[in-house]
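Participant: Taken in order, these protein sequences are the chains called A and B.
Sequence positions in the first sequence follow numbering that gives the first Met the number 0 and run 0 to 470.
Sequence positions in the second sequence follow numbering that gives the first Met the number 0 and run 0 to 470.
For the record, the hints were derived by calculation from the structure and aren't laboratory data.
Keep in mind that a hint or two might mislead.
Unchecked claim - Examples of chain A residues lying across from chain B (beta carbon under 10 Å, computed): (1) W122; (2) G129; (3) A138; (4) G172; (5) R206; (6) Y277; (7) P281; (8) L303; (9) G329; (10) A432; (11) R436.
Computed from a prediction, not measured in an experiment: that's the story for all the values here.
In this text, a Cβ means the ideal position worked out from N, Cα and C, and glycines have one as well.
Number of protein chains: 2
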Amino acid sequence: MDLPPLPLDRTSGLPLAVQLADAVRGAAAAGSFRRGDRLPSTRALAATLGVSRTVTAAAYDQLLAEGWIAARHGAGTFVVGAPDAPPGPAATPARPPTAPAGTATTSLEPGSPCTEALDPAAWRRAWRAGADALPALLADDVGLPAYRAAVADQLLRHRGLVTGPDAVLATAGTTAAVAELAALLPRGARVAVEDPGYQRVAAALRRAGTTVLPVPVDDEGLVVDALPDRLDAVYCTPAHQYPLGARLSARRRLALVQRARAGRFLVIEDDYDGELRYDVAPLPLLAALAPDVVAHLGTTSKVLSPTLGVGWLVAPPAVRAGLLVARASGARPAEAGQRVFAAMAAHGDLARHLRRLRRVLGERRAETVAAIRATGHEVRGDAAGGHVVAPLPDAAGEIAVAEALAARSVTVGLLSSYGLTGPTGYGVVVGYAGPDRPALRRGLAALQEALAGATADVTQRAAISHSAQPV
Amino acid sequence: MDLPPLPLDRTSGLPLAVQLADAVRGAAAAGSFRRGDRLPSTRALAATLGVSRTVTAAAYDQLLAEGWIAARHGAGTFVVGAPDAPPGPAATPARPPTAPAGTATTSLEPGSPCTEALDPAAWRRAWRAGADALPALLADDVGLPAYRAAVADQLLRHRGLVTGPDAVLATAGTTAAVAELAALLPRGARVAVEDPGYQRVAAALRRAGTTVLPVPVDDEGLVVDALPDRLDAVYCTPAHQYPLGARLSARRRLALVQRARAGRFLVIEDDYDGELRYDVAPLPLLAALAPDVVAHLGTTSKVLSPTLGVGWLVAPPAVRAGLLVARASGARPAEAGQRVFAAMAAHGDLARHLRRLRRVLGERRAETVAAIRATGHEVRGDAAGGHVVAPLPDAAGEIAVAEALAARSVTVGLLSSYGLTGPTGYGVVVGYAGPDRPALRRGLAALQEALAGATADVTQRAAISHSAQPV
Numbered sequence: 000m001d002l003p004p005l006p007l008d009r010t011s012g013l014p015l016a017v018q019l020a021d022a023v024r025g026a027a028a029a030g031s032f033r034r035g036d037r038l039p040s041t042r043a044l045a046a047t048l049g050v051s052r053t054v055t056a057a058a059y060d061q062l063l064a065e066g067w068i069a070a071r072h073g074a075g076t077f078v079v080g081a082p083d084a085p086p087g088p089a090a091t092p093a094r095p096p097t098a099p100a101g102t103a104t105t106s107l108e109p110g111s112p113c114t115e116a117l118d119p120a121a122w123r124r125a126w127r128a129g130a131d132a133l134p135a136l137l138a139d140d141v142g143l144p145a146y147r148a149a150v151a152d153q154l155l156r157h158r159g160l161v162t163g164p165d166a167v168l169a170t171a172g173t174t175a176a177v178a179e180l181a182a183l184l185p186r187g188a189r190v191a192v193e194d195p196g197y198q199r200v201a202a203a204l205r206r207a208g209t210t211v212l213p214v215p216v217d218d219e220g221l222v223v224d225a226l227p228d229r230l231d232a233v234y235c236t237p238a239h240q241y242p243l244g245a246r247l248s249a250r251r252r253l254a255l256v257q258r259a260r261a262g263r264f265l266v267i268e269d270d271y272d273g274e275l276r277y278d279v280a281p282l283p284l285l286a287a288l289a290p291d292v293v294a295h296l297g298t299t300s301k302v303l304s305p306t307l308g309v310g311w312l313v314a315p316p317a318v319r320a321g322l323l324v325a326r327a328s329g330a331r332p333a334e335a336g337q338r339v340f341a342a343m344a345a346h347g348d349l350a351r352h353l354r355r356l357r358r359v360l361g362e363r364r365a366e367t368v369a370a371i372r373a374t375g376h377e378v379r380g381d382a383a384g385g386h387v388v389a390p391l392p393d394a395a396g397e398i399a400v401a402e403a404l405a406a407r408s409v410t411v412g413l414l415s416s417y418g419l420t421g422p423t424g425y426g427v428v429v430g431y432a433g434p435d436r437p438a439l440r441r442g443l444a445a446l447q448e449a450l451a452g453a454t455a456d457v458t459q460r461a462a463i464s465h466s467a468q469p470v
Numbered sequence: 000m001d002l003p004p005l006p007l008d009r010t011s012g013l014p015l016a017v018q019l020a021d022a023v024r025g026a027a028a029a030g031s032f033r034r035g036d037r038l039p040s041t042r043a044l045a046a047t048l049g050v051s052r053t054v055t056a057a058a059y060d061q062l063l064a065e066g067w068i069a070a071r072h073g074a075g076t077f078v079v080g081a082p083d084a085p086p087g088p089a090a091t092p093a094r095p096p097t098a099p100a101g102t103a104t105t106s107l108e109p110g111s112p113c114t115e116a117l118d119p120a121a122w123r124r125a126w127r128a129g130a131d132a133l134p135a136l137l138a139d140d141v142g143l144p145a146y147r148a149a150v151a152d153q154l155l156r157h158r159g160l161v162t163g164p165d166a167v168l169a170t171a172g173t174t175a176a177v178a179e180l181a182a183l184l185p186r187g188a189r190v191a192v193e194d195p196g197y198q199r200v201a202a203a204l205r206r207a208g209t210t211v212l213p214v215p216v217d218d219e220g221l222v223v224d225a226l227p228d229r230l231d232a233v234y235c236t237p238a239h240q241y242p243l244g245a246r247l248s249a250r251r252r253l254a255l256v257q258r259a260r261a262g263r264f265l266v267i268e269d270d271y272d273g274e275l276r277y278d279v280a281p282l283p284l285l286a287a288l289a290p291d292v293v294a295h296l297g298t299t300s301k302v303l304s305p306t307l308g309v310g311w312l313v314a315p316p317a318v319r320a321g322l323l324v325a326r327a328s329g330a331r332p333a334e335a336g337q338r339v340f341a342a343m344a345a346h347g348d349l350a351r352h353l354r355r356l357r358r359v360l361g362e363r364r365a366e367t368v369a370a371i372r373a374t375g376h377e378v379r380g381d382a383a384g385g386h387v388v389a390p391l392p393d394a395a396g397e398i399a400v401a402e403a404l405a406a407r408s409v410t411v412g413l414l415s416s417y418g419l420t421g422p423t424g425y426g427v428v429v430g431y432a433g434p435d436r437p438a439l440r441r442g443l444a445a446l447q448e449a450l451a452g453a454t455a456d457v458t459q460r461a462a463i464s465h466s467a468q469p470v
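Bound-form chain A, shown alone (with noise of 0.2 Å):
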């Protein structure tokens, strides 16, 4: 978005954090932001106001405590406190912040599942086959019958999982599925996160009171020789690493179950976007390499939306035992989600939209790394899901790429805001799912000129190229 006047007095004795805090309040105040609003990086806010990036900082920390502002790993930084932006029409899905003045924001962010794949006829049908069943008079503890059924159905065919609808569990989507898990393993668990990684699950498991412990990942996924000692449980992303987007070469996926069962902890397998590969098939789940060590947990947000904010769960039975146990008196996830997915599946509609999910994103991806390969840039990650990355050698480089991109009103991740306690590395980790086609070529057209002006990583390519065998 474009910054109003942050007005700093050099000269008036107040520390020009404290004055740089009250001029983002002020102008909160004033309505020149929005909620949603997306806030400079601290950097890109020195850097525009000629001041240290110390004191943009401390200025984001303070409001950030007076809950004026919230950052969103991976995202960015929000107004949160202000008055709201105008409401949409009835039921209008949330969208992405708007830049302001006409100029609409393209977000490239990972993450967004595709809706140019999805017959809206299938939607409405299944929304209207979710109201077939009167409501229900009492909460549920494992799930819908019917979804559990849809979930164990769209696990063998799409995943190779044989399992059962008793042995699957509904959840309430990943980030409260980890939380669930976390919350049955002792105060000060130690489990141990992929770094780069998903900074909401480490987030959630921090909050459960667990430390969370980086691991690196390189182009076979988790290093699994990295782990440390006296593990209470493992969070990974076996099928598409997230975000660099390897897959967790056979030979590591053989070393983690032994080291979990010599170890006895929990693998908690994350499969969040595991239907979705474009070349090779993926390999078999941890899951069903390992079910006596594996919680295995997918989601509806990839492959339909988060509208529907389900996902599930297929554990070992002791785990699965203590999830019901805390569920019998806590929260449970709510059904309507579920009724519209196994409405989906029931008809045939959901595998119609895998495939052409495929299919389109297939497609997205191939036009997403011809437009960064022309620039000479590299591209990592695995034909699948819904991003790749493009690395930048240094952290200079990530944020001019990320200012030449604001400039042109296009938003994209930044691979240093992936790391679980700093920088991993850099560069731009692009979502290639979520725009409709015209945005999508705007925003890679931006990304083409931004990267152009940008020195590739030729550490990265050599790198990828090493790892060409990745099995």
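Guided by the hints, dock chain B onto chain A, whose structure is given.
Facilitator: Using the frame of chain A, we list chain B on its own:
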């Protein structure tokens, strides 16, 4: 349910509790129990088998630890580890556990909504409208604008709370909202909870690491004078104390707010069925009296159905900001149910539904109260909500009534199970909203027979007549 044979051998040398746990496991594995089957109470099973209650309690503890069974406070003990009950047709909502061999169980347990009052055409319209917007690309931290507007309107019309959509946060329901609020409190925070009270909320508070302090309840609701010092929060149900049914008196409301302001603690006002009163108007909400110290919670579970899986929260700015910061890196409420509720509200269907619901529940309450009074027993609780309490003088009376009802395949809540640290009183908690009319009549007939054989609780009757002027 009818028990399968559970053979115990007193000469085998194996402890009876171990034998009993084995027998239950064996029966579950053999399919004699199914998931969702309700087990007899430890007391009732001890009487049936002719063993001491220590034996049955130890066996249940073991089965609970192994995940074969789960205890739902106020609802009993259920099989969770056995094979599933046969799945119903697609998207059939969960039903209360059913008795075997053709005997339909009638649940008069509290907590269910009343589907009789719901116009199926309106329900279908709302679900159809839920598909009008495309699936969202991003999950939403605050809730859909249309949902928040519908809630603000509902709070204004039915609860007299003047607020705006901006002040409303969507939640994933009351238990989830309490867990979110508890996570903002320091570990070990002291939270006072009504006793008897809502066990699910007490469990959520304990799970979040807070210390739950029981506070007594009388016919003016929470005994504010009995609140301990150094509190961080108070959880209460001022409109309709759960389960005893009193309305927090006006003088106690003022006292509670004064204590909260002086002691700087948060008041969590759970208004779970505040829309449902059949005589006098409700008192103003605590949130209207003291928006600076009250977090107000509402839910769609009682006025529509737990199927939607959504509720709402209106809280002081600092609390709200804290919740948003946590959601920015945590789980967020699902949209699907919000869409349905917003659509119900948009075309007047929700207002029509609430009018019909009040009429239907008022009739059902009158029928229930008349049935109980005809046996010489008293009824406790305001003319509100979906349940009443019939006090009984002691544990023996409560067990006798519960067993007489079980013999007629009728289940009710047992007042003793609502005590946070043990029974605070005895009686049956009778929910009249859930069953259809024929089932309600069957259930009430069985209740009359069961109560006719039990001694009435004269002490309670005196207490009730003493508090005939509650305000």
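Participant: Could you run down the list of hints and mark each one as holding or not?
Facilitator: Hint check results:
For W122 of chain A, the suggested interface contact is upheld, since its CB lies about 5 Å from the closest CB of chain B, less than 10 Å. A distance limit of 10 Å between C-beta atoms decides the matter here; for G129 of chain A the minimum to chain B is near 5 Å, and the interface restraint holds. Here the hint on A138 of chain A is kept, as its CB sits about 4 Å from the closest CB of chain B, short of 10 Å. Hint status for G172 of chain A: holds, given a least beta-carbon distance of 6 Å to chain B, under 10 Å.
Checking R206 of chain A against chain B by beta carbon gives a least distance of about 6 Å; that is within 10 Å, so the hint holds. Taking 10 Å as the C-beta cut-off, the interface hint given for Y277 of chain A is violated, the closest approach to chain B being about 21 Å. Contact between P281 of chain A and chain B, as hinted, is not supported at the beta carbon level, the nearest pair being about 24 Å apart and thus beyond 10 Å. Using the Cβ-Cβ criterion of 10 Å, the hint placing L303 of chain A at the interface with chain B is satisfied: the shortest such distance is roughly 6 Å.
A least Cβ separation of about 6 Å between G329 of chain A and chain B falls short of the 10 Å threshold, and the interface hint therefore holds. For A432 of chain A, the interface hint holds, the least distance from its beta-carbon to any beta-carbon of chain B being 8 Å, beneath 10 Å. Residue-level restraint check for R436 of chain A is violated (minimum Cβ-Cβ distance to chain B is 14 Å; threshold 10 Å).
Checked against the numbered hints above, the structure violates hints 6, 7, 11; every other hint is satisfied.
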